[in-house]
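Number of protein chains: 2
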Amino acid sequence: MTPGKIVSNTRVVRASYANKARVTTAQFRVEANQEIDLSSVKEGEVILRNLYLSLDPYVRFTLDETGGDMPQSFRQLNDPFYGLGVAEVVASGYEKYPVGTLVTANTGYEKFTRISGLNDPNTQSDIRVLPAHARDESTGVPLSNYISALGMPGLTAFAGLKVLGIEPKKTIFVGSAAGGVGQLVGQLAKVQGLRVIGSAGSDEKVSYLIEKQHFDGAFNYKTEDAREALTRLAPEGIDYYYDTVGGEILDLVLEIINEKGKILSIGMVSQENGKEPYPIRNLNVIARKAVSILGFIYWHHLQYFANGELDDAVRPLLERKEISYREEVFEGIENAPTHFVNMLDGKYAGKVIIKIADL
Amino acid sequence: MTPGKIVSNTRVVRASYANKARVTTAQFRVEANQEIDLSSVKEGEVILRNLYLSLDPYVRFTLDETGGDMPQSFRQLNDPFYGLGVAEVVASGYEKYPVGTLVTANTGYEKFTRISGLNDPNTQSDIRVLPAHARDESTGVPLSNYISALGMPGLTAFAGLKVLGIEPKKTIFVGSAAGGVGQLVGQLAKVQGLRVIGSAGSDEKVSYLIEKQHFDGAFNYKTEDAREALTRLAPEGIDYYYDTVGGEILDLVLEIINEKGKILSIGMVSQENGKEPYPIRNLNVIARKAVSILGFIYWHHLQYFANGELDDAVRPLLERKEISYREEVFEGIENAPTHFVNMLDGKYAGKVIIKIADL
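Protein chains in written order, with full-length UniProt numbering: chain A, 1 to 359; chain B, 1 to 359.
Any given hint might turn out to be false.
Because identical chains cannot be distinguished in the list, a pair is counted as satisfied if it fits within a single copy or across any two copies.
[Claimed, not checked] Quick list of in silico lysine-lysine cross-link-like pairs, DSSO-like style, CA-CA up to 30 Å:
id, residue 1, residue 2
1, Lys212, Lys96
2, Lys289, Lys20
3, Lys321, Lys289
4, Lys5, Lys169
5, Lys42, Lys96
6, Lys355, Lys289
7, Lys355, Lys321
8, Lys355, Lys169
9, Lys169, Lys347
10, Lys42, Lys289
11, Lys162, Lys289
12, Lys321, Lys42
13, Lys260, Lys321
14, Lys5, Lys190
15, Lys169, Lys96
16, Lys190, Lys289
Everything labelled a hint here was simulated from the structure, so no lab data went into it. This one's a predicted model, so the numbers in the text were calculated from it and none came from an experiment.
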């Protein structure tokens, strides 16, 4: 605790709902210069000083009055917008997280975040304490990686490949391969000796995947027919498909996947936003070719944070530059609405992160 | 070998194709009194005396000129109709299967079957040597069980449950629960401590499942709405679905299955016979609820025959009458066409078997 120390918060709150319309910066309001007395921290509370913030497309739904799977409490007007961040504990009323602890947590779009109720056994906290070496950026691994390659996208890629049970020399097709999860899926599979094929939405991303991230092949799904591309790039067929899209491309993969092939389904963005679901017609091949479709939910696999397995597996690859992770880091929490809207409009490649403060 | 011994064969051959039409006995021809000299057995051959024959709906497709996954050689006119049987080796030119060996094999619809090419390493034989105790029917386990509960249907049920990875106290829903596979799936799951729900196509079968095979619940899918029935019979929801049907019922199960639920897909009879496939609309729940659909092909799991695991697991249950297997056994190979047609017309409950000869 730091009694009597006053800090100044800035928050980005939901000002209005977009509902089905295109999101603009008008949905947000920046509230600056709100004083927080760090000595006000209570038993079971921490106050966090936020360092990096992850901007994620999936929180778009919290700008609708209804919809999505998360509780209504995540979409209140005048509350900070939802986001995961890297932060340092600067005031603590909870022994497990003393001052100076580095964590990731749902910090929201603000400079300082108060988290309460930690000593209530009925409250589940999403606070993750980072390993000591997270602080050491001289290794070439930036702290921001704890909300990207070593955070939720990293876990989703790493655990997803475990669920798939990938084997060397087989071929994996990664949908949204240039995205925050896809780029890691491809590179981690490549390191394990697979042939890796990806799709992305621009020629620039396709080139990046092949030249910088060593994919064996990639294609622009906006300009090339997927059936032709997959036939050309995977002459021995597809054994695994890491699917974030669903719909038509899933139906195509079902048709052409090899016997005993496996599909990991981590979401079906093509089927969201209240659209009429694409009717899948090739499910009969599941029995005919002993194919599996495996559903994946990120929070079923948090043990790889707790037991350090994700860090042990991925951090050395980043340090040795055997894999790379593409981030777009912008400065200043007050600029978060602009970058969130630009991201939704597809203006950025790589994971979008706001740097709020130095460590 | 039994030099000079002449036996008299009777065969039931394909006389004409039914193609898309209803199969009648006109598709078959019985050819009696064909002499076979057992001493004619050559190197790499055996001659089998067939004891029991399995009549299976899935071989219906061999009465079409085209279609299905099996090779064209299984649908030749004037060849014995396709079927698995229990048989005894009565002449042998192959050391691994001496005279007196009990086997199951693709014997076809006939009294005696010659199998050649056994010493050709490029030929795959489906001959399975039965364990010594198969011969001992005093245990209460008839030899015919080696083409039912201890044969292909047994393996399909047993290995399918292994692939599902069932856990006690969870609920499994078995489609076609009164069929040759379904009745075993339900009973084996029940023995392992699950709550077992099944569907069947008549009130008689529903009663049989509950009263004789100890299902926790069953419903007649022809007279009751599946959604209402499953809600009523599985108040804690469905964790596993053993699916042989696909289509509309699979789409319903996807909608109502519990989080982390698993579906085993061993075939989609509703999607066969060139019908327009039913468009599945609920696949998005796979990611939302971490559900898996696991495709299953019987011949990927033959190791449970070879290593005795199926026999070790299921035979004691049959001997102790902890599970029962419903067979309809008819006498005489010449009657096989009538019973095959009756079976296709849904006139029988339980696995249909022809007894050809005494051991």
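Hint compliance check: list the failing hint numbers for this structure, sorted ascending.
1, 3, 4, 6, 8, 9, 10, 12, 13, 14, 15
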